[in-house]
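With the hints as your guide, set chain Y onto chain A.
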Amino acid sequence: SQQGEEDPQALSIQEGENATMNCSYKTSINNLQWYRQNSGRGLVHLILIRSNEREKHSGRLRVTLDTSKKSSSLLITASRAADTASYFCATGLQGAQKLVFGQGTRLTINP
Amino acid sequence: DGGITQSPKYLFRKEGQNVTLSCEQNLNHDAMYWYRQDPGQGLRLIYYSQIVNDFQKGDIAEGYSVSREKKESFPLTVTSAQKNPTAFYLCASSLRRGTDLNQPQHFGDGTRLSIL
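Sequences listed follow chains A and Y, in order. The first sequence begins at 0 in my numbering and counts up one residue at a time. The second sequence begins at -3 in my numbering and counts up one residue at a time.
Derived from the structure by calculation, the hints contain no laboratory data. Just so you know, these numbers come straight off a predicted model, no measurement behind them.
Stretches of chain A that chain Y covers, calculated by requiring three or more beta carbons in the stretch to come under 8 Å of a beta carbon on chain Y:
(1) 25 to 33
(2) 37 to 46
Derived list of chain Y stretches under chain A, where covered just means 3 residues or more per stretch with a C-beta under 8 Å from a C-beta of chain A:
(3) 26 to 39
(4) 43 to 55
Okay, the calculated beta carbon distance ranges per label pair:
(5) S38/A / G(-2)/Y: 23 to 29 Å
(6) T1/Y / N17/A: 34 to 40 Å
(7) G36/Y / G58/A: 23 to 29 Å
Ideal Cβ positions, reconstructed from N, Cα and C, are used throughout, including at glycine.
Chain A on its own, in the form it takes in the complex (with noise of 0.2 Å):
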């Protein structure tokens, strides 16, 4: 199985609501990094947060990391139609030149 595995492959909430994926990986990390991508586009880094923190914020986004546990969650508050897109976690490993990239969670926001 991959370095990154994302749970769940694809999730469908209503507007408003808060949206959760979770991110689980197997070895030693430097950081953990999460990106969004819509549909035909390239990805876009939303946040990095180092393998020596535990949460970190950014507007409606919240990033929390357990390295004992070796996951990682994504989450959004108060969800908009703008925030349909998949959501890709990526490891960026200790003494590797390279990220590696999760399958990514589907999330579908209805109006």
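Same frame as chain A, now just chain Y:
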């Protein structure tokens, strides 16, 4: 505005043909990357380059080649040896900050390659 430009947006390849995908950045980033994305899947790393005139194979380099003659440019050639080239190809770049690797990556809007 700074960014990454990929061209063309759509590309068609005939049997036995090599095709080259362009990637140009004006962000003054040292590192550049090529990824392949298949439907409903994540990104897989093809090649990456940390500095000019140097590049390394990623996880799925077979059937692909790259060059890095200029800091701004990192073209990807999909050769006839790549038997299943139909995919969405994404180019990215990032800063290098000493020993702090794994910087956030900036992406282009991709090239969709199909076989005729």
